[in-house]
Structure formats: structure tokens, C-alpha cells
Amino acid sequence: MSELLVKSKEIAVPGEELAIGMDFLPSYGTYRDGDKIIANKLGLVHIEGKVVKLISLSGRYVPKRGDTIIGDVTDLLMSGWRIETNSAYSAVLGMKDATSEYIARGADLSQYFAIGDWVVAKITNVTSQKLIDITMRGPGLRKLNGGRIIYINTNKVPRIIGKAGSMVSMIKDATGCKIIIGQNGVVWVQGEPEMEIHAVETIKKIERDSHVSGLTDKIKIYLETITGKKLEAQTQKYPQK
Amino acid sequence: MVFKREGRKNDEPRKIIAKVGIIPRADGSAYFKIGNTEAYAAVYGPRTLFPRFKQDPTKGILRCNYNMMPFSGMGNRVRPGANRRAKEISMVTEKALLPVLDLVDYPNSVVDVFIELPQTDAGSRCAGICAASMALADAGLVMKDLVCSVGVGHIDNTLLVDLDYDEEAFDGVVADIPLAVIPRTGEYTLLQMDGIIGKEDLFKVMELGKKTIGMIYEAQKNALKEKYMIEPVIAKKTAQGGIKNE
Numbered sequence: 001m002s003e004l005l006v007k008s009k010e011i012a013v014p015g016e017e018l019a020i021g022m023d024f025l026p027s028y029g030t031y032r033d034g035d036k037i038i039a040n041k042l043g044l045v046h047i048e049g050k051v052v053k054l055i056s057l058s059g060r061y062v063p064k065r066g067d068t069i070i071g072d073v074t075d076l077l078m079s080g081w082r083i084e085t086n087s088a089y090s091a092v093l094g095m096k097d098a099t100s101e102y103i104a105r106g107a108d109l110s111q112y113f114a115i116g117d118w119v120v121a122k123i124t125n126v127t128s129q130k131l132i133d134i135t136m137r138g139p140g141l142r143k144l145n146g147g148r149i150i151y152i153n154t155n156k157v158p159r160i161i162g163k164a165g166s167m168v169s170m171i172k173d174a175t176g177c178k179i180i181i182g183q184n185g186v187v188w189v190q191g192e193p194e195m196e197i198h199a200v201e202t203i204k205k206i207e208r209d210s211h212v213s214g215l216t217d218k219i220k221i222y223l224e225t226i227t228g229k230k231l232e233a234q235t236q237k238y239p240q241k
Numbered sequence: 001m002v003f004k005r006e007g008r009k010n011d012e013p014r015k016i017i018a019k020v021g022i023i024p025r026a027d028g029s030a031y032f033k034i035g036n037t038e039a040y041a042a043v044y045g046p047r048t049l050f051p052r053f054k055q056d057p058t059k060g061i062l063r064c065n066y067n068m069m070p071f072s073g074m075g076n077r078v079r080p081g082a083n084r085r086a087k088e089i090s091m092v093t094e095k096a097l098l099p100v101l102d103l104v105d106y107p108n109s110v111v112d113v114f115i116e117l118p119q120t121d122a123g124s125r126c127a128g129i130c131a132a133s134m135a136l137a138d139a140g141l142v143m144k145d146l147v148c149s150v151g152v153g154h155i156d157n158t159l160l161v162d163l164d165y166d167e168e169a170f171d172g173v174v175a176d177i178p179l180a181v182i183p184r185t186g187e188y189t190l191l192q193m194d195g196i197i198g199k200e201d202l203f204k205v206m207e208l209g210k211k212t213i214g215m216i217y218e219a220q221k222n223a224l225k226e227k228y229m230i231e232p233v234i235a236k237k238t239a240q241g242g243i244k245n246e
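Respectively, the protein sequence lines represent chains A and B.
Each residue of the first sequence is one higher than the one before, counting from 1 in this note's numbering.
Each residue of the second sequence is one higher than the one before, counting from 1 in this note's numbering.
Take the hints with a grain of salt, since some may be wrong.
Taking beta-carbon pairs under 8 angstroms as the criterion, some of the chain A residues facing chain B (in silico) [said to hold, decoys possible]:
hint, residue
1, ILE11
2, VAL13
3, PRO14
4, GLY15
5, ILE38
6, ASN40
7, LYS41
8, LEU42
9, LEU57
10, SER58
11, GLY59
12, TYR89
13, GLN129
14, LYS204
25 angstroms max Cα-Cα, derived DSS-like pairs, lysine-lysine [claimed, not checked]:
hint, chain 1, residue 1, chain 2, residue 2
15, B, LYS225, A, LYS9
16, B, LYS144, A, LYS50
17, B, LYS199, A, LYS53
18, A, LYS64, B, LYS15
19, A, LYS220, A, LYS230
20, B, LYS227, A, LYS205
21, A, LYS205, B, LYS15
22, B, LYS4, B, LYS95
23, A, LYS64, A, LYS156
24, A, LYS156, A, LYS220
25, A, LYS172, A, LYS205
26, B, LYS199, B, LYS9
27, B, LYS144, A, LYS9
28, A, LYS9, B, LYS19
29, B, LYS204, B, LYS4
30, A, LYS156, B, LYS19
31, A, LYS143, A, LYS96
If you want the ones that stay clear, here's a sample from chain A, every Cβ over 10 angstroms from chain B, calculated [stated by the list, open to error]:
hint, residue
32, LEU25
33, ARG60
34, ASP67
35, VAL92
36, MET95
37, ALA104
38, ASP117
39, GLY146
40, VAL157
Derived by calculation from the structure, the hints in this document are not laboratory data.
Yeah, the Cβ is synthetic: ideal placement off N, Cα and C, and Gly gets one too.
Model the full assembly from the supplied sequences, consistent with the hints where possible.
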């Protein structure tokens with residue numbers, strides 16, 4: 001008796017009926033009402049066997065443990081720094097998690113991170129009250145000097161990174177820029193000024209065309225035309241970042 | 001009794017246009033036009049709420065702001081900013097939207113909805129609610145359904161849907177009943193009245209509005225899908241209402 005009312009990759013709006021019957025299971029972005037499965041947000045339908053779920057297309061960043069984010073220092077606290085996360089909540093970087101150096105009692109914290117500095121950090125904990133703890137200890141976590149910051153839609157971050165980092169590696173190869181993508185939709189780009197602009201334009205293009213299939217090849221051609229450089233075929237898998 | 005209905009049937013709304021994602025810097029936005037009443041809605045947030053004493057540690061709060069633009073009236077300048085009427089409408093808009101919205105994932109935060117009306121011809125709170133519900137969905141918030149809203153009423157016992165200003169201001173026995181409905185369940189989240197109406201007629205006219213609610217829901221749904229759809233949906237045109245998605 002169970003019946004699916006939508007196909008995979010269709011757009012669902014809140015309140016839309018996705019399936020009827022108890023043979024299907026509601027997952028992320030859906031809820032059950034009687035024997036029906038209803039969408040409770042705007043998203044792309046994804047059906048995995050019996051499980052019906054939605055992939056978000058819009059919305060602000062929701063902090064999760066383990067995410068690498070880019071944020072700026074907005075305040076110096078008694079024993080740490082307040083970092084803006086591009087979500088509804090700000091994070092606290094404790095002194096212990098900031099640096100391996102010894103920080104003397106009463107030291108001026110702005111000599112490590114001053115207000116306005118940008119940092120790459122990892123979320124270590126998110127409480128039920130959405131207090132976010134972050135750390136700067138770990139590979140690739142550091143203060144950012146120079147370059148430029150752009151904001152993108154958080155839900156498009158996986159597309160910009162690509163499978164095993166293929167997309168971002170391609171932009172890095174083509175433009176020679178250093179690029180760091182935070183899960184919170186903040187991207188840092190550093191390189192030759194003109195190349196920085198090319199990289200930013202490419203990232204914006206991917207964000208805009210994220211639904212296009214075969215996007216990696218199209219972006220490759222796009223990058224080749226704007227930089228005038230021949231890129232290697234995407235045979236080998238690049239490691240992420 | 002003579003009133004012009006501009007070629008509309010009694011249960012027929014004015015022309016509806018719905019769009020989503022028109023304010024790029026907002027987290028979600030929408031435009032809703034019904035006849036000559038236009039509403040823009042922009043959603044910002046969830047973001048941390050200040051002052052702190054207004055925060056709710058159990059869930060996020062919704063804050064609506066309804067505003068008619070100075071040139072939006074019938075020729076007389078509307079004084080902008082909060083007034084008694086705008087505050088009331090902001091409050092009922094909030095209460096009309098909250099039943100579908102789930103903000104438990106956002107403690108201590110606020111979702112701001114700004115509704116601006118560049119042009120009004122009655123039914124402005126309804127247009128505002130329709131726009132706001134689309135904008136909230138566009139902002140990726142968790143909500144169990146959209147909210148559709150329309151004004152119904154009667155003029156000298158002739159039951160009508162979607163009254164315009166001339167009808168509302170008709171010199172006779174008039175009732176103007178804005179209502180908002182959760183379309184899937186048929187629950188009412190807004191029911192106000194200005195005027196006089198009998199009990200029987202009230203139930204009848206609420207029933208009469210249901211078809212229009214369905215049309216508004218279709219327009220909202222198509223507008224939302226169109227923004228994210230790879231190929232734009234072909235606008236559904238119903239013979240009666242002339243629903244159009246642009």
C-alpha cells in the first residue's frame with residue numbers, strides 16, 4: 001500500500017507530502033503525520049531504500065562538532081577570544097586551545113590574536129545551549145595573514161570542495177592560490193591579486209551552478225580559458241585541501 | 001447595492017504573483033502580490049538576540065515587523081514607523097506564523113521578519129503573512145507547513161473573497177475577515193473581524209475562502225520550487241483565478 005509521492009532530486013517545500021504508508025521512514029528534514037511523511041523544510045528529496053530525507057538548499061550554518069571553520073576575532077575575553085562563526089552563535093577559543101606557547105598570567109592576549117584577525121579553527125564541542133568551543137591545535141589550524149575572505153552558501157560547501165577535494169584542488173592548481181574553505185561558508189583565498197579574483201569568480205560560479213551535472217569538467221574548461229593554462233586531466237584523486 | 005467587483009466572481013481572488021529570493025543579502029526573502037496589494041518579506045537569522053533579557057534559552061523567538069511605505073496608501077502619505085495599527089498587525093503576523101515554525105534548535109536566538117508594503121489596496125496583513133511564510137521557508141527554517149492567508153467578508157449579505165479597498169469601505173453592512181490557514185490541515189492561525197456578520201454567514205464565508213487558500217498555496221509552492229529548480233516549473237494557470245508565477 002505504501003507509495004512514494006515524489007522522486008529523488010525533486011524539490012520539496014515545507015508541508016509537502018512525500019510518501020504515504022508505514023514502509024517508508026522519515027529522516028532529516030521530514031516528519032511523520034499519521035501514515036504520511038511530510039517535508040518540514042525546503043530541500044532536495046533524497047531516497048535511500050526505505051529512508052526518505054531532505055538535503056538542505058538554504059539556511060545559515062549550524063555548528064557541528066568536528067567542523068573546520070574560519071572566523072574572525074570579535075572580542076578579547078578574560079581567558080580567551082570570542083570568534084564570530086557566521087552562524088547564530090559565536091565561539092570561544094580558550095587560552096589552552098589557542099597556542100602551545102606558555103601564556104603568563106595577565107599577559108596581553110592581543111599579541112596572539114587581536115580583534116579583527118581571521119583564524120582557521122576546529123569545533124571541539126557544541127552544547128545544548130549552543131556554546132561553541134573551538135581549538136587551534138591541530139594540523140592546518142592557524143591564523144590567516146593576507147589574502148581575502150568571501151562568504152558562500154554553507155549548503156554548497158561540499159560542492160566547492162568536490163569529491164575528495166577534487167574541485168578545490170583544481171582551482172588551486174589553475175590559479176596558484178592558497179584556498180581554505182570553512183564548513184561555515186567562509187572561504188579564504190590568497191595568491192597573486194589577479195589570480196585571487198579568478199579564484200573567487202570560479203568559486204562563485206560553482207556556488208551558482210552547483211546543481212549542474214558534470215560541473216567539474218565545465219569548471220576545468222572555464223579555468224583553462226581564464227588563466228590560459230592547460231590543466232592536467234582529473235585522473236588522480238587529490239587529497240582534500 | 002452597487003459595488004464594482006472588477007469582473008471578478010464573488011469567490012474569486014485578485015491576480016496573484018509570488019516570487020522568492022528577491023533580496024540577495026537576506027537569509028530568505030519573498031514577494032507576494034494580490035491585486036494592487038504588494039508585500040515584500042525579508043528574513044534575517046537565526047541570529048543571537050540582544051538585549052539578553054529577551055532571550056529564551058528553550059527556543060528561538062520570532063520577531064515580525066509590518067510596515068506600510070509612505071507612498072503606499074491612497075494618496076495620503078502614510079507616516080512610516082510603528083503606530084498602533086502596525087504594532088497590532090506585527091503581533092498577529094507573528095502569532096499566525098509561529099504555529100508552523102519550529103525554533104527549538106536555536107535557543108537564545110531571534111528570527112527577524114521584515115514586511116514592507118510598497119502598495120496597498122486592502123488585505124495587506126494577508127499579503128504580508130503569505131510573503132513572510134515563503135521567506136521563512138527560503139531561509140531554510142524548520143516549519144511543518146506554509147501559511148496561506150486571504151481576506152473574506154460580505155457586503156450587504158453578499159459573501160465575497162479577497163475584498164479590495166473600495167469593497168471594504170463600501171457604505172453598507174460590511175464585514176472584513178482576514179484569515180490565515182495551515183493549508184494541509186486546514187487549521188486557522190489568524191481570524192480577525194471588522195464589521196458585522198451573522199454566525200451562519202461567518203461559517204459560510206470561511207468555507208468560501210478555502211478555494212482561494214488552495215490557489216495561494218499553489219502559487220507559494222511554485223514560487224519556492226522555481227527558485228531552486230534546475231528547469232523552471234511551467235507556471236500553472238487556472239482558468240478561474242489566473243494564478244501566475246513569474
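Reported absence of VAL92/A from the contact zone with chain B (all CB gaps over 10 angstroms): holds (13 angstroms)
Proposed interface contact between GLY59/A and chain B, which counts if any beta carbon pair is under 8 angstroms: With Cβ-Cβ at 2 angstroms, under 8 angstroms, it holds.
Distance restraint between LYS172/A and LYS205/A, which requires alpha-carbon spacing of 25 angstroms or less: holds (15 angstroms)
Hint validity - LEU42/A Cβ closer than 8 angstroms to any chain B Cβ: Holds - the Cβ of LEU42/A comes within 8 angstroms of chain B, reaching about 5 angstroms at its closest.
VAL13/A as chain B interface residue, shortest Cβ-Cβ below 8 angstroms: holds (5 angstroms)
When the least beta-carbon distance from SER58/A to chain B is tested against 8 angstroms, hint result: For SER58/A, the interface hint holds, since the closest Cβ of chain B sits about 4 angstroms away, which is under 8 angstroms.
Residue hint ASN40/A, partner chain B, criterion CB-CB below 8 angstroms: holds (5 angstroms)
Pair hint LYS225/B and LYS9/A, alpha-carbon separation not exceeding 25 angstroms: At roughly 12 angstroms apart (the allowed maximum being 25 angstroms), LYS9/A and LYS225/B satisfy the hint.
Hint consistency between LYS205/A and LYS15/B [alpha-carbon to alpha-carbon, up to 25 angstroms]: violated (36 angstroms)
Hint check, TYR89/A versus chain B [nearest Cβ-Cβ separation less than 8 angstroms]: holds (6 angstroms)
Restraint check for LYS156/A with LYS220/A, where alpha carbons must lie at most 25 angstroms apart: holds (18 angstroms)
Per-residue hint verdict: GLY15/A, partner chain B, C-beta under 8 angstroms: Constraint on GLY15/A satisfied, holds at 3 angstroms.
Hint violations for this structure: numbers 14, 17, 18, 21, 22 and 33, all remaining hints satisfied.
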